[in-house]
Every structure is written in C-alpha cells, then in structure tokens.
Amino acid sequence: MAQPSPLVPVLLSGGSGTRLWPLSREAYPKQFLPLVGNESMLQETWRRVAELAGAAPLVVANEEHRFMVAEQLRQAGARPAAILLEPVGRNTAPAIAVAALQATADGGDPLLLVLPSDHAVRDREGFHRAVRTASAAAGQGRLVTFGIVPTGPETGYGYIKAAPGDGVRPVERFVEKPDAETARAYVASGEYFWNSGMFLFRASRYLEELERFRPDILAACRRAFAGASRDADFVRLEREAFAASPSDSIDYAVMEKTGAASVLPVDVGWSDVGSWSALWEVAEHDAEGNAHHGDVVALGCRNTYAWTDRRLVALIGLEDVVVVDTDDALLVAHRDRVQEVKDVVAGLKRDGRGEAVLHRKVYRPWGAYDSIDTGERFQVKRITVKPGASLSLQMHHHRAEHWVVVRGTARVTRGDEVLLLTENQSTYIPLGVKHRLENPGKVPLELIEVQSGSYLGEDDIVRFEDVYGRGS
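So that you can map any letter, position 256 of the sequence shown is 256 in the UniProt record's numbering, and since no number is skipped, the others follow by simple counting.
As a list, the in silico DMTMM-like pairs of lysine to aspartate or glutamate whose alpha-carbon atoms are at most 25 Å apart: (1) K361 - D466; (2) K361 - D373; (3) K386 - E423; (4) K442 - D466; (5) K161 - D123; (6) K361 - E446; (7) K161 - D179; (8) K342 - D179; (9) K386 - E63; (10) K342 - E63; (11) K342 - E281.
Hints are computed from structural coordinates only; laboratory data are not their basis.
Take these sequences, add in the hints, and give me the full structure.
What follows is the structure, encoded as structure tokens:
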C-alpha cells in the first residue's frame, strides 16, 4: 500500500500590508506584527499548521525581510526546510512555483499547503479538519482551494462558485470583487464562497498546470531556482531570472484555467486582516462594540477601534472611528473609509516621506535602532545589539558618533584600537574612521548614539566587512 504523501506547509511572507499603515510598513509589514494575539501573524500561521505538517515548512519571503522571517520562526520553534528569497515581488504564481521546485528537488512529491502568513483563523481545530478532508482530493490530483462561508455581502473579496454537493467539489467559476448588489445575491444563493487564498495540492500537479497555462512563468522560475545561491539559512533566487518572470496570481495563472480546480467550503473564523475595519471585526469587543489595544480610555464611544503601544489614548463621544497611534504617525479615520489608507501611503511615497517605509524603530539582523531625536546637524538613537551580534566594520564620510553604554558590554573597534566599554562608559568615533560595534556578552547591549555632521542619512555607510552579506 502506498504511503501517504507528507504535508509541507508553504508560508507566503512577501506582502507589504500598506492598508494597516501606520502600524504596518513596507520594511516591517503586518505578518511580523502581533495583530490578533501575543505572537506575530507569521508565528501564528506556523502554530496553526505545526501539528499537521509532515515535514518542515517552506517559506517564500521578500529578501529585505529575510532576517525577521528567520528570527521569528526560530522564536516559534520552526526550522524551515528552506527560506526562498524573492529579489523582487512577482505575486503568488511564481512564489508558489519556486516553493514547488524546492519541494520536488530531491525527487519527492509532497502535498503543499499554501498559506498567506498574514491571515487569521480563529477555529484551529476546524481548520485542521478541513485540511485533512482536502488532503484526499489533493492526493488524487485536484488543486483544492478553501472557500470561506460568507458572513455578509463583502465587496472586498473575490468569490468562488462551487458545484452542488458536499465536501470538496469542482469550482464552477471565480468572480472578481463584486459590487454590493451582486455580493448580496451571491450570499443569498448559498453557492458562492469567499476566496481565501489558501490552497492544497501536490507539488508536481501545480507545476504541471503552471507549465500548461503559463510556461513563461515556470521557465523564469526554473532559471531563478537553478541559478540561486544557497547557504545554511537562505535560498537566494537569481535576481535577473526571477525579475523576468511575469507577475501574476495563482488564481489568474492556474486556478481559473485548470479543469482540476476544486473548492472546500469552510467556516473557520477566517479573516485576511486586510484593513483596520477587518481587524476590528476579529477583535474582542466590549458591550458597546469597542475594540482596543493598549492603554486606551473611551467615554461614550461605540464601535471604535484604537491601538497604542506606548502613550495613553483617550476617546470621547466617537462612533465608528479608528485611531492608531505609533511613535511617528497618528491615524484617525472613519471605519467605512479605512481602505483609503493605501492612498495616504501612496501619497507619502510620492512625496519621498520615510514614514511610508520605515518605523521610527528600525529592525536589523543584529538588533534595532530607534531614532529618538533629530535636529539640525544632529541625531540621537537608542541602539540595541543582540548577545553575540556584531555590526559591520564601517565608516562615515559626513558624520561623527558618540556612544554611551547604558546596559551590557560593548566591544568597540575604532581604527587600530579595540575598546571594551561597560555601563556608563562612552567613546567617540571621529568622521572617516573605520569602526565596529559588537556585543560580546550574554545580555542585550543598549547604548545611546549621538550623531553630528553635515549629513546623517543611513546611506552614508561604507561597509568593509559584514557577517550578514550586506554591501556598502
């Protein structure tokens, strides 16, 4: 009797999450944030499938996010079989293709459970039952998608019309986001389900169907995978080949064309957490429908959502309002118009505003820095370096730096000198001098950095040595 195919989770972590600005930003998008629990959405996604998995997960991620992906999965106890890095975003069809190529590289042919890493599923046991049900059809060559039983005439989702019957059944048609009247008709019919973006199929079957309908995408992905550079942590897809792939979703490229498309309707408390109103819907509410995170006081408010991680936020007499307070940006919006947040982000990018991409606190593979004050010709940062971590050996053309250790131990290379500094000790790095900061201790190193000079941008860094493979 043939052994069942192992189930390999494929975690897609390439999204930018601009609709949840200012909390989610391009350099630190929503999959890395604890939006619906104590762990990040990426970590929650892994927890959801860990006991189902018959093998280590595969992860497809933006190259710029590689260290955050690796660190968060390590914290969650996951050891990915591979983290495949996209040098540019090319949508889900190519992302899943490279995962399938990785999954079949050693001659195996597992079932791939493809999951966006920034969705929420409240009913974990129900989700497990659905995956087990879908596995039989996927093992027989079907390409299964999970259709969500709609809770209302949502116009922000695509819809799937299922053939009559129970359980896994053929897809009759995919429908783009409908208008409100059409959505109401779909929901009333009982034949349509929300398109969740979650899939289950055998790796070889996806590659076969992609080659049949979009051979240009598969050819580019094969070249990018064959030319990838590999180390102990990452598979870096060859940039030029992957960039040459057309950008397309799995829905357009394969699912809407193949005769093997099937759908399993499920009711598992799913949400794509695609907006602040969607996050309000999956959050816990008080008696007046308010959902708050952090230190929030609300008087006479109904159906509000407020998020703060540091200072007190007070709301008075508000209804259907979203308030999101971060270190460097404040969002106040009506819940019915939160989709327009993406227009705010587009405007910030157009104006060259850094708030579209970075938080005030910026995460790096060695730790993080927080820009706590800025003025003419100076900038003050709080720097945290992980135990055993090291910044690059570098120099600056336009700024000098003063460092004061407030916690832990710092090993400082300054020109030909090597200094060991402890709490309350300091040093000065002159302009143009090679230097490096390391944490040789077992606790996080925290220091205050005061930069002074004619130009204080992050691009004034010349790297000579870097353990994380970053160039100048």
